[in-house]
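Trainee: Assemble the whole structure, with the sequences as input and the hints as a guide.
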Amino acid sequence: MSQPRTGSLHWLLIMPLLCLLALFFVAPLYFVIERGFTDPAGAGLDNYRRVLDDPAARRFAWNTVRTAVTVTVCASLLGYTYAYATFKASRRMRVFLLYCVLVPFWTSLLVRTYAWAVMLRDEGVINKTLASLGMIDAPLPLLRNSFAVTLGMTQILLPFVILPCYSAMTRVDVSLVQAARSLGASPTKAFFRVFLPLTRPGLAAGAFLTFILATGYYITPVLLGGPGDQPIAVLIENAVQQQGDWGLAGALAALTTVMVLVALMAGWRSLTRSVLETGRKS
Amino acid sequence: MSLVARVLRPLPVLLIVLLLVLPSLVVVPMSFSSSQILEFPPQGFSLRWYEAIAGNAVWLEAARNSLAVALAVVVLSTLIGAPAGIAIGLWRWRGRSLFLGFALVPAVMPPMVLAIGMYITYARFDLVGYWGLVAAHTVMALPFVVLTVMSSAQLVDPTLLTAAQSLGAKRWRVLVEIVLPLVKGGMAAGAIFAFITSWDEVVVAIYLTDPTFKTLPVVMWNQLRERVDPNVAVVATLLFAVTSLVMAYVVLKGERKKRVQ
Amino acid sequence: MSSETRTGSEAGPSPSGPPGAAARARAGTTPTGAVPVELRGVSKSYGTEVAVAPLDLTVEAGSFVSFLGPSGSGKTTTLKMISGFERPDEGAVLFGDRDITSQPPEQRGVGVVFQNYSLFPHMSVAKNVEFPLRMRGVDRSDRSRRVRAALELVELPHVASRSPHELSGGQQQRVAIARALVFDPALLLMDEPLGALDRRLRETMQLEIKALHERLDVTIIYVTHDQEEALAMSDQIVVFNQGRVEQVGTPQDVYDRPRSLFVADFLGESFSISGQVTGGAFTADGDVPLRLDVADVEEGPARSIWRSGSVSAAPRPGERDSWACVPTTVVASAFAGDHLKLKLRVASGDEGIVSVPPTSSVPIAGDALDIYVDHARAVVVSASGGTA
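Residue numbers (our numbering), protein chains in the order written: chain R, 100 to 381; chain W, 1005 to 1265; chain D, 15 to 402.
Dumping the calculated BS3-like pairs for lysine-lysine here, alpha-carbon to alpha-carbon at most 27 Å: (1) W:K1257 - D:K141; (2) R:K187 - W:K1257; (3) R:K288 - R:K187; (4) W:K1188 - D:K141; (5) W:K1188 - W:K1174; (6) D:K141 - W:K1174.
Label pairs and their calculated CB-CB ranges: (7) R:P296 - W:A1061: 57 to 63 Å; (8) W:L1029 - D:G61: 56 to 62 Å; (9) W:P1045 - R:Y129: 48 to 54 Å; (10) R:Y129 - D:E63: 42 to 48 Å; (11) W:V1011 - D:E217: 57 to 63 Å; (12) R:M114 - D:Q121: 25 to 31 Å; (13) R:A278 - W:L1012: 27 to 33 Å; (14) W:V1079 - R:Y129: 24 to 30 Å; (15) R:S274 - D:V376: 35 to 41 Å.
Here are some chain D residues pointing at chain W (derived, C-beta under 8 Å): (16) S97; (17) V124; (18) F128; (19) N130; (20) H136; (21) F145; (22) M149; (23) R150; (24) R193.
In case anyone wonders, no lab produced these hints; they're calculated from the structure.
Model, not experiment: these values are computed from the prediction.
Ideal placement from N, C-alpha and C gives every residue a C-beta, glycine not left out.
Mentor: This is the structure:
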């Protein structure tokens, strides 16, 4: 059965959203990017030159990308493992594991981040436990470094990998894996040659999503990171709050936006494929 | 399988479970602390911080503001996002995936970029404060509504629409009588996500609120950056308790329904 | 015997007359009554792919007509043009005198039954059946009366308050039929309605649908790819192939007197021999000793076709005169209880499958076997005109 004819009804349905986004999303984006070219008057590309010449800006950009990549790798590994365990688990266990994925969603991101800070600091539960066991003499430096940032952000972004991976796994025809086994593949081989390739779109979607979201993070690096872990968002914030330099902020915002859009386009195929196929099981 | 292997095998998953839930759970004991500062494990047990919250006008006011914003966001984003989600999920039309991409971009934009953009733009139209924040959060919540409604609309069997039309239903009537009831679940899920998005949002809220109108996350953020006492833990625990109960109810109800079918 | 292959045919007159007319006289209830359906030169293409080539067809009021063909033959597209879900590129669709070509489906008043039942899962059975009445603004008391009547018609009044997923496949399809009939449509379209049911249930349902048609004053167009179903149920069969109508006729017509090799093959097993038509006679190719007198067949390459009933592995006593002997080689054989299934090759290289009455010994592959075919029941079709 082909899809029913739509005529122009779909325009009527998407029009409110188009208008809202144009007014309250596209316009703000436009105005902030415009500032990058016009503030101070007649700035042209000056702000961009300043960004490129500024070693601090380069450092912040590097921090952003480095953190995003690390977090993406960690979240992908852990997320896929967790999704696979969920997929293989018994019914009761599966409900429990899926419930655990949702727990982070209903605790404030701020609070979760701060909980890490409390646990990781020198007098925190981890250092105290290790010390009382006699495993360490001096407290381990767990807070205000990349480790803390990676841990905090991975925790927050993990569900964005787990959910698309799990959904991809439920769509795999299990008989294909059984067929591979019957044709002589070991369980490990069947997994890597058949199951993993079949679920790769879900993993790719989750990884792209994690990377894109991670580049925009602000709260977690500020609360958990050291001076060497601050992302571009902090630079934008400083430009606005401390220097009132809207031109610089505009240029930085434009560069960040471009970075996100490029990443989005690179991952577009796998993202839309995963998104548009979700639920297309039957 | 050897004993060691049997013990070790579930270990990675157990660690990930801890990673997922630990930060949410440690807050609870911290809120019952009797000490002046936020710490874990807490020193002594007391309800003093709960009493402190109950009598604190700033927190109560902020909670009321957050709730007012979040509810308006739920209503607006559902009214605007659900039709779009239906249009994407139900029919194939030219430009569909491009539109989907456009509708989803706000969810992946760096919040700081959104924040300063919205700040300078909304300020021009005098939209800072309640309605400005509602508009901003609606933009950020829409992708979730579109996505969830789209997913359920994709599950609607297209021949049901054909059948309804052949039985005499006009096209808008098909949408109201057949499609809407069938995507109700997706709309509810979208509404929950929209609520959480607004309720939990910090960065944009910092820019679009003012001293007379603050939301809960903004108050928390200020607290965390200045002086840390178990107030924050109490608020977090209360919120966690409420949302856990709501979600548990939703999940259990969903499970029972599945079992009946 | 007409052996010419025609495409784009018109329906011949139904030999027995439309049964709906009698039903109308008996029932005397519906004010509208069954309508005839006429397609005038309708065609439909998707891009460069021709789904339906220009097609003329008349379906008589009150008759039961099957659209039969393989998938992709254009039968479903034609059905959609009648129901209004596809707009023909050219041509017109008429219900009686009314040209409804540009009318949207919801205004055509046509009942449609789909293969997957398409019951609304969020409504009870009664609400499903009530739906078309509600869409037509029928008032409440009238609605409940007609819902009950429709459910009684399909013998399911006791499931009214249940949810569709609590019913079996057969029950669901009966509810779907009740829903499509409750608003007294003049025309009922059924798109492979029994395709999802198992074989035994399908046969029961065929009889039930047939009985419903006898009782009601409605024209039924029934799409199927199952030739047995079409033969068992229809007043008329329209055979589709590659977007064209190969033949229109009664079940006996299309089965016994196929106008093309395609029709002959699609409607059942047949045994055919290639040859030439010259001077009003068919001569088999190769060394096959066969000659048939024919009329109305183009000169040139042709095939003669026999249905299983006119083929035998042994001559029947007393019928020798009209039976011709054709030497063949057995390619494969299978014993099937009351008959033998044989795959045979004749000297010209043609192969065919026939069912013959069982003989004392089952021939095996490689055996030489003389086959007797009935002269009088041979059908000769032009090889050039055939689409197979």
